[in-house]
Amino acid sequence: MIRKFILTAVAATVLTASAAPSFAGGISIDQFGFGNEVGGKQTGWHHTFATKQYGWWNKATSRQKGGRNTSAIGQQGNYNATDIFQDGWDNQAGVGQFGDNHNAVVTQDGNGNIVAGVQVGNGCDANVVQHGSGNVTAFVQACN
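Taking mature numbering (1 follows the signal peptide of the UniProt record, and there is no 0), I'd label the letters of the sequence shown as residues -19 to -1, 1 to 125.
Rather than coming from a laboratory, the hints here were simulated on the basis of the structure. Keep in mind it's a predicted model, so treat the numbers as computed, not measured. Don't take every hint at face value.
[Said to hold, decoys possible] Below, a list of computed lysine-lysine pairs in the DSS-like style, where the Cα atoms sit at most 25 Å apart:
id, residue 1, residue 2
1, K40, K22
2, K33, K22
3, K22, K46
4, K46, K33
Please put together the full structure from these sequences, using the hints given.
So, in structure tokens, the structure goes:
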């Protein structure tokens, strides 16, 4: 009877552990203000997504598929929006937006791609698309 109980407990533990999103990476969310939104999806292994938003009505979205992708979004101000799409392995994307009314879209399809960007002021728009492997893009804007 004890043997059956132990086997059942072990089987339940294994099933529970395998059903959990244990291969998804770390997610860190820090928000201060009002009406800020964070969303996303991770499919694959060992992804990392971190966002920090201070202000009002900021939106951050990260969708990661593959493995070991990293996305970081920092927004300080109001009405800023960032979307990051990563499909592949070892991609890294980071967007920092300071000010108001900025939009940034980053799409990476491949392996080992890097995007870094900063937007300061008001009303900047950025759209970065990378296909393939080993691409590097940095953008800096000071819009008014």
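Subject >> Unmet hints by their number, sorted upward, for this structure >> reply: none
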